[in-house]
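If you read the sequences in order, they're chains A, B and C.
With the working numbering, the residue at position 490 of the first sequence is 491, and numbering never jumps.
With the working numbering, the residue at position 342 of the second sequence is 343, and numbering never jumps.
With the working numbering, the residue at position 422 of the third sequence is 423, and numbering never jumps.
Watch out, some of these pointers could steer you wrong.
Which copy? The list can't say, so a pair holds if one copy fits it or any two copies do.
The calculated lysine to aspartate or glutamate pairs, modelled on DMTMM-like cross-linking and capped at a C-alpha distance of 20 Å, are [unchecked claim]:
| no. | residue 1 | residue 2 |
| --- | --- | --- |
| 1 | K333 | E552 |
| 2 | K643 | D235 |
| 3 | K334 | D532 |
Think of the hints as simulated: they come from the structure by calculation, not from any bench.
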Amino acid sequence: MASRTPSWLRWPVGRPHAIAFGADYNPEQWPRETWDEDVRLMRGAGVNVVSLGIFSWARIQPARDRWEFEWLDEAVELLHGNGIAVDLATASASPPPWLASQHPEILPVNAQGEVIWPGARQHWRPTSPVFREHALRLVTAMGERYGTHPAVCAWHVSNELGCHNVYDYSDDAAAAFRGWLRGRYGSLEALNAAWGTDFWAQRYGDWEEILPPRLTATHPNPTQQLDFKRFSSDALKDYLRAERQILQRLSPEVPVTTNFMVMGETKGMDYAGWADEVDFVSNDHYITPGRQDLDELSFSANLTGNIAGGRPWFLMEHSTSAVNWQPINIPKKPGALARDSLTHVAHGADAVCFFQWRQSRAGAEKYHSAMVPHAGPDSSVFRDVVALGQTLDRLKPVLGSGRERARIAILFEWDSWWASEMDSHPTDRLRYRSEALNWYSAFLANGIRADVLPVSAPFDGYQLVVAPILHVVPEDLRQRITAFVESGGHLVTTYFSGIVDQNDHVWLGGYPGAFRKLLGIRIEEFGPLPDNAQIPLDNGRPGRLWADQVEVISPDVDVLHRFAAGTCEGRPAVTRRALESGSASYVATALGPDGLRRLAAELSGLAGIAPDLPAELRGNVELTVRTDGRRRFLFLINRTDKKVDISGIRGRILAGAIEEEAGKLEERGVAVIECVP
Amino acid sequence: MASRTPSWLRWPVGRPHAIAFGADYNPEQWPRETWDEDVRLMRGAGVNVVSLGIFSWARIQPARDRWEFEWLDEAVELLHGNGIAVDLATASASPPPWLASQHPEILPVNAQGEVIWPGARQHWRPTSPVFREHALRLVTAMGERYGTHPAVCAWHVSNELGCHNVYDYSDDAAAAFRGWLRGRYGSLEALNAAWGTDFWAQRYGDWEEILPPRLTATHPNPTQQLDFKRFSSDALKDYLRAERQILQRLSPEVPVTTNFMVMGETKGMDYAGWADEVDFVSNDHYITPGRQDLDELSFSANLTGNIAGGRPWFLMEHSTSAVNWQPINIPKKPGALARDSLTHVAHGADAVCFFQWRQSRAGAEKYHSAMVPHAGPDSSVFRDVVALGQTLDRLKPVLGSGRERARIAILFEWDSWWASEMDSHPTDRLRYRSEALNWYSAFLANGIRADVLPVSAPFDGYQLVVAPILHVVPEDLRQRITAFVESGGHLVTTYFSGIVDQNDHVWLGGYPGAFRKLLGIRIEEFGPLPDNAQIPLDNGRPGRLWADQVEVISPDVDVLHRFAAGTCEGRPAVTRRALESGSASYVATALGPDGLRRLAAELSGLAGIAPDLPAELRGNVELTVRTDGRRRFLFLINRTDKKVDISGIRGRILAGAIEEEAGKLEERGVAVIECVP
Amino acid sequence: MASRTPSWLRWPVGRPHAIAFGADYNPEQWPRETWDEDVRLMRGAGVNVVSLGIFSWARIQPARDRWEFEWLDEAVELLHGNGIAVDLATASASPPPWLASQHPEILPVNAQGEVIWPGARQHWRPTSPVFREHALRLVTAMGERYGTHPAVCAWHVSNELGCHNVYDYSDDAAAAFRGWLRGRYGSLEALNAAWGTDFWAQRYGDWEEILPPRLTATHPNPTQQLDFKRFSSDALKDYLRAERQILQRLSPEVPVTTNFMVMGETKGMDYAGWADEVDFVSNDHYITPGRQDLDELSFSANLTGNIAGGRPWFLMEHSTSAVNWQPINIPKKPGALARDSLTHVAHGADAVCFFQWRQSRAGAEKYHSAMVPHAGPDSSVFRDVVALGQTLDRLKPVLGSGRERARIAILFEWDSWWASEMDSHPTDRLRYRSEALNWYSAFLANGIRADVLPVSAPFDGYQLVVAPILHVVPEDLRQRITAFVESGGHLVTTYFSGIVDQNDHVWLGGYPGAFRKLLGIRIEEFGPLPDNAQIPLDNGRPGRLWADQVEVISPDVDVLHRFAAGTCEGRPAVTRRALESGSASYVATALGPDGLRRLAAELSGLAGIAPDLPAELRGNVELTVRTDGRRRFLFLINRTDKKVDISGIRGRILAGAIEEEAGKLEERGVAVIECVP
């Protein structure tokens with residue numbers, strides 16, 4: 002991270018540092034008298050920070066040469082006067098109508114050539130010089146006016162960059178893509194080689210001939226597709242950098258962030274590569290309904306914490322209850338508001354913020370829950386908010402502590418995510434993040450902590466590294482993985498890993514080419530399975546999606562499990578090659594969270610890793626550990642709808658409704674326990 | 002209605018008034034010799050009116066300055082000479098190739114920016130000045146030529162206005178939308194307030210910046226969406242008015258109509274607001290296959306009759322048997338042709354017409370059934386047509402009688418239909434018309450007549466008013482509803498009612514904001530249910546889709562039913578606040594036709610309304626009543642595939658195959674009985 | 002076929018004629034040293050022909066005025082020196098980037114008006130004069146350079162013409178469509194009559210007004226749709242002809258072909274009408290996964306053989322194992338590689354070629370199997386390839402022999418395929434090719450050989466003709482069918498046959514108008530069935546999709562089966578009118594492969610046709626016969642996963658792993674037996 006300030010937030014002078022607690026605040030949507038009620042309620046709830054101005058461009062600059070800062074000045078002063086710090090947006094997230102109307106050339110164009118019109122939000126091309134000129138003019142104005150204001154604790158660049166506009170196929174995008182490709186490849190010859198353009202007569206003779214992967218007659222060139230994904234993420238990162246540089250100049254004391262979206266299937270932005278561009282990492286997270294919803298929440302918070310390098314990070318948005326953009330938006334159950342918030346804290350967040358403070362009466366998100374709902378402060382939601390504020394206050398000791406590294410790392414990587422899910426593959430059913438999440442669920446169910454780690458981070462300190470569908474393996478990564486195992490590490494990888502290099506060229510000679518020797522196995526053809534087909538392993542667990550025909554080629558390979566039916570009957574399903582101290586295992590099928598639960602226990606046992614939790618808590622309670630080097634803070638998250646007995650855990654209870662004598666943690670409750678080793 | 006003529010159709014001089022019986026007639030598709038067979042068969046079948054010229058623009062005006070009326074003159078004379086009246090189309094429904102070719106700027110554009118090309122029909126922008134110029138030139142020519150011809154009994158403006166072109170996103174539409182918005186809001190400030198443009202930086206600084214809700218990156222502004230729906234309906238109404246004004250001038254003696262499409266999910270046109278623009282209401286109706294097909298037919302006919310203010314209306318199109326535009330087009334069962342036709346008459350239709358007279362050999366609808374099918378007059382269909390003509394002749398006494406008001410009204414409203422089904426809502430599964438239809442089915446099953454009433458109509462004369470999903474409640478409607486209850490009326494409303502005002506702004510303080518006090522309840526959060534989830538009530542009926550967490554806030558509220566499981570267990574599911582004489586009830590979930598059957602009986606009982614039919618006929622027979630003030634005409638429609646005993650109903654039998662002694666009505670049969678009270 | 006050369010391939014001088022065996026070969030994707038390994042492996046595998054240069058345009062002509070033939074010269078010489086013949090592509094299949102960049106007016110446009118961009122392949126308008134100019138310049142250059150080279154055994158025009166670009170809606174297409182229509186109709190009056198433009202006011206007054214069926218508001222004119230399909234097929238054929246004419250001039254000794262795609266749902270190209278444009282027929286075929294996959298393979302090979310007039314043809318592409326373009330791409334089971342290849346030979350192929358020789362490392366099809374897989378020559382696939390080469394060598398006696406005509410023909414026709422599946426029909430569930438395939442499966446299951454015959458071929462020599470969904474019946478076809486029956490032939494036809502003429506105009510008077518008299522039946526309305534509905538026949542087999550209400554109108558009609566339930570209960574389901582020696586049968590519902598199995602046995606029995614196979618082999622073994630007039634070659638294809646006993650078949654075994662004493666053919670095995678009658 003481009004860290005410039007010692008402490009992560011610039012708390013107002015005289016304010017004690019605290020876990021940040023607040024929300025997006027949009028006072029411009031309400032009459033002035035409501036503002037006074039707002040700050041009164043905020044103080045009552047313990048709110049100490051709000052994000053201001055995120056969608057205020059049209060208010061601040063209602064016409065090309067008219068600026069109206071007075072209302073914003075008043076809001077900033079009102080908040081400051083009430084001791085509430087301001088995470089100030091650069092306000093560039095959504096261009097005002099006059100800009101789109103005068104400059105329709107800023108509007109994105111999709112692969113079908115359709116213009117994305119104004120009327121919602123984020124209708125701008127990341128690569129538009131015209132948009133950038135106007136947006137940076139705004140950022141400059143914001144920086145000049147508020148850059149030294151004591152209320153401003155952080156800068157909030159744009160908002161959810163790329164949420165809707167990461168893929169733009171306009172002529173601006175085409176020009177910028179060409180520039181990016183020149184930078185990557187240097188010469189057309191190198192690009193032609195990397196893209197394999199001799200297939201289907203695609204050899205380029207001039208840079209100007211290159212296009213984004215717009216609508217084509219059939220599958221577009223896969224390396225072009227992959228590079229376009231890389232470029233699109235980088236183009237937004239470049240834009241982020243442009244805003245940041247202005248703020249650094251005009252407001253050198255205030256840290257800069259932007260809210261990532263590490264959650265669910267949001268996959269356009271390679272956040273591991275973005276972290277260096279912000280002074281601290283922020284994230285937005287919303288629950289994905291389903292059986293693994295709590296696991297996914299934890300997975301995302303875990304990954305965010307590791308993107309932040311283990312340092313504290315900022316939960317910029319989540320919801321008090323229902324959202325508005327899913328097909329069916331279910332409100333949260335009692336206790337879930339606090340549990341979800343504290344799960345983020347458990348994974349290193351030193352801030353808990355919501356979208357948004359007061360639920361809108363109008364507009365596209367009026368049915369999105371908020372801290373103050375339509376029903377007003379006399380409501381369960383607001384009472385839960387107030388209680389959460391008190392809990393966070395009790396957690397002040399945690400502040401600034403980092404994540405305690407686990408013994409297991411699950412590698413996560415955008416290149417493999419993008420590449421493994423492309424078209425023209427053995428199966429279009431494969432889901433990269435779901436396989437990674439299933440491994441995470443498996444360790445959770447075994448009561449073993451695991452880190453979700455960007456592949457770019459050093460993983461040599463871990464005992465066990467799981468690399469699910471690590472599809473894209475350049476030579477240097479192949480060497481890092483090999484060195485890890487050879488120096489005593491335990492590796493587990495899966496089907497469709499180690500298949501291609503950074504240009505999506507297949508490692509030849511038998512799959513998985515990059516790891517064939519390391520794993521001691523060889524596969525001649527991929528084994529995707531039809532929908533609804535399942536092949537049982539000899540332990541009774543069904544394999545789905547995929548079943549490689551594994552051939553063992555090294556004598557030191559143990560076959561841990563075999564397929565027990567089908568065309569693969571008797572063939573290895575799970576292999577393990579034991580080296581002197583390390584090992585390299587391969588899982589040839591998708592076992593899902595249930596099948597992996599058992600296998601994860603077996604493989605971590607073989608790697609000498611025992612569970613972190615007593616048997617009765619495994620799966621029922623999630624354990625995380627934060628530490629400042631001196632003290633350890635245990636977070637125990639009750640994942641069930643029943644009370645659980647945590648009386649065996651020793652330490653000072655910082656928070657958590659626990660029955661005194663019985664030591665029982667309430668359903669969906671979270672206990673935070675400080676212990677000194 | 003813009004009634005100008007005393008009698009609704011101008012029957013040719015000397016012809017006795019009769020229930021109109023006929024079809025669209027397209028002689029231009031057939032050789033001249035076929036015309037003679039046509040009129041011969043028409044006379045034999047009792048056909049007394051046909052709609053002529055609906056798609057004849059290209060024949061009448063084959064080039065910009067060439068007019069060919071001779072063939073039409075001949076057809077009009079031939080019909081007139083055979084005593085068949087002509088409902089003459091203005092022929093503007095589908096522009097000829099030369100017009101689209103010379104003026105592609107008349108072609109609609111969809112939200113994705115795609116042009117809607119010629120090759121089918123209705124490829125014109127409702128707001129195109131160029132289209133209007135040419136279409137009105139045609140209407141003028143038609144009016145001048147035929148405006149005083151004695152054969153012409155009515156003018157048929159265009160055809161199914163808006164069936165395919167109600168939503169146009171072209172630049173013409175944008176310009177007209179701006180004009181409409183200026184008219185509605187007067188100032189940009191008012192528009193910005195109404196649209197809540199401070200959300201997502203959408204504040205407009207100039208009218209020219211405003212656009213239709215074209216393709217956007219995410220959910221477009223909901224009030225913009227709602228206003229665009231209102232505008233689009235109004236734009237077509239404005240076009241209708243333009244044609245009508247010409248006809249009024251050139252043909253003052255002939256009434257003007259246009260065929261509505263009150264049926265199924267056709268929802269773009271707010272017909273309740275169109276009725277004033279026609280001299281009499283016409284409707285097209287086609288069966289929607291499914292379990293509630295007969296209910297839906299009755300519902301649509303009922304609503305059409307009430308849009309017509311209870312006065313007679315014109316069934317302009319329905320089908321003798323299968324249609325061609327559904328995925329699978331099943332022919333009608335024996336008896337259904339007559340039963341469907343007479344159900345419309347039962348709800349006030351004084352005309353029974355079909356699309357079309359003779360089934361086409363070629364073209365997009367050649368597999369749509371007609372009065373004379375491909376098989377020719379020697380066919381079951383044609384024999385049924387002849388029999389129907391005879392039945393209608395026996396029903397002449399009914400002619401001109403109106404609908405007898407029921408004691409129950411189900412309110413129906415386009416604003417709530419449009420708004421409640423928009424995106425970004427608690428659930429996208431909600432279907433407004435389906436909930437209304439389910440209540441209608443429930444009363445049908447209980448043998449209780451109910452009117453389906455546009456909300457703009459006066460409802461103070463009813464004993465019980467059901468307002469399903471009355472989502473949009475402006476202040477004046479809130480007052481009307483409140484006054485109705487306070488003056489002794491009984492109100493039943495449901496989930497997601499009373500939520501927003503006319504600008505789609507939420508009524509604050511707890512749901513349902515507009516009716517919270519009236520109902521004596523308060524809800525903090527919406528309770529949408531996942532697919533396939535159902536929560537039983539204490540009467541065993543399953544609630545689906547939605548389950549509000551209702552809190553009773555007034556001591557005079559009775560909880561009629563509670564949820565018996567789930568997170569809502571023990572919570573009120575149906576409440577009823579009894580005032581001095583009136584009451585206000587709330588249903589917090591979707592019970593479907595079966596669940597509502599029992600509840601409708603209970604609630605109408607509490608309102609003092611007894612069934613109109615003896616127990617054994619309820620659900621098996623639909624009863625409607627027409628009256629001319631002096632006589633009552635009972636229509637008994639056998640909804641079953643068995644004979645039913647209607648011997649208990651006294652009166653003079655006008656029609657209906659009833660066994661003499663047993664008093665049994667044939668399966669799928671209809672009996673019409675005249676009685677003098 | 003435009004046959005110019007006596008032998009079909011021009012084998013290099015001195016090389017013995019053989020069954021061609023090889024693949025697409027793309028040396029430009031590999032370093033030069035790999036080429037040497039390639040030819041070495043090819044020789045070892047018995048490869049004697051490769052297709053070269055298919056996607057080499059960008060390599061051969063890297064810029065408008067730069068030509069680079071040297072690498073291709075070297076490849077041709079290397080192959081020639083190793084005795085491998087070259088099927089030389091004209092290389093025009095996919096235009097190079099520079100051409101699309103300099104001439105975007107060659108890019109196709111879809112019905113929605115979206116441009117099809119470069120980045121994949123085949124992004125050219127079949128009707129573009131600019132594309133044609135450049136492509137033919139390339140073809141001329143190829144012809145001039147290689148037209149007399151002794152290595153070249155055939156010319157391969159373009160590649161899979163129309164695979165992705167058959168339907169283009171651009172202005173070029175519009176202009177060419179108008180030209181084609183002028184040729185077809187001569188006058189606008191004739192076109193207006195044929196298209197039925199009096200429906201929906203579509204009457205054209207000028208040729209320039211006519212458009213392709215672009216996106217419309219509702220169903221476009223069906224005859225316009227049908228003619229656009231005919232035109233689109235013809236436009237590609239015209240382009241094929243243009244390439245061929247150049248090659249004929251420059252390379253008169255070398256036969257010309259292009260690879261058809263007779264397979265699955267590929268339906269845009271009327272290959273029966275294309276065969277005259279090539280010197281020999283080639284085909285590409287890929288398995289469609291599913292229950293009838295083997296039947297479909299046989300059906301396609303059979304039809305291809307009959308498109309080739311019974312003469313030998315060239316299997317240009319199929320796969321050694323998995324493909325890459327299906328949602329899930331399953332590799333082939335052991336034995337399937339050879340069985341699939343030999344099934345084509347069994348139906349007349351004298352060539353077995355694959356896409357492609359060496360599996361690509363990069364590009365859109367890198368996961369498509371090849372002769373040399375990613376795993377290299379040390380692999381099951383390559384060992385199977387080598388074994389297949391040896392088998393083909395043993396089959397040399399078969400070379401040049403033709404198909405032996407079966408006694409049964411199943412008529413197949415593109416017009417009926419296109420027309421019967423159009424919109425606005427009784428049901429959109431009908432699938433033309435599936436019904437034809439089901440009949441084919443039925444005969445296969447009965448051990449009776451049947452030819453799949455283009456309707457344009459003479460069918461008067463067959464005993465039994467099945468015409469499934471023969472929907473489009475012009476007067477001349479009606480006469481041919483009638484004459485066939487009246488001269489003693491047996492006809493079976495089905496629901497939705499004989500309905501329209503060549504203009505999609507309904508034959509009036511009752512269905513099926515074209516065959517009503519011949520069949521002695523009459524139907525008033527179509528009987529499509531809802532999804533999941535089935536009506537049992539009196540033989541217990543369920544009818545689905547359709548159930549006509551058949552009325553017998555001729556006394557000589559036997560009702561073979563009746564419906565046993567539903568609204569059709571007791572109505573005829575299968576009728577048969579016996580003439581003096583011939584007969585005409587009608588099947589009023591879709592019986593599926595199982596139901597048709599029994600019926601096919603019954604109907605062929607009545608026609609005096611006994612099975613070709615003993616009872617125990619029927620369904621388990623497919624039998625085909627090739628003959629050179631002197632000898633017969635029986636192909637016995639084991640369709641099961643078990644050994645089958647074929648010891649009863651006498652003759653000299655050319656190939657096939659058969660146990661010596663037991664006479665058992667291995668699972669998925671193929672035996673080829675020569676016998677002299």
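Homo-oligomer pair classification [E552, K333; C-alpha up to 20 Å]: Between copies, since 18 Å is at most 20 Å while 49 Å is not.
Alpha-carbon proximity between K643 and D235, which holds within one copy, between copies, both or neither at 20 Å: Cα proximity of K643 and D235: none, with 46 Å in one copy and 57 Å across.
When no copy is named, should K334 and D532 be tagged within, between, both, or neither for a Cα gap of at most 20 Å? Between copies only: 18 Å across, 34 Å inside.
Checked against the numbered hints given earlier, the structure breaks only hint 2 and satisfies all the rest.
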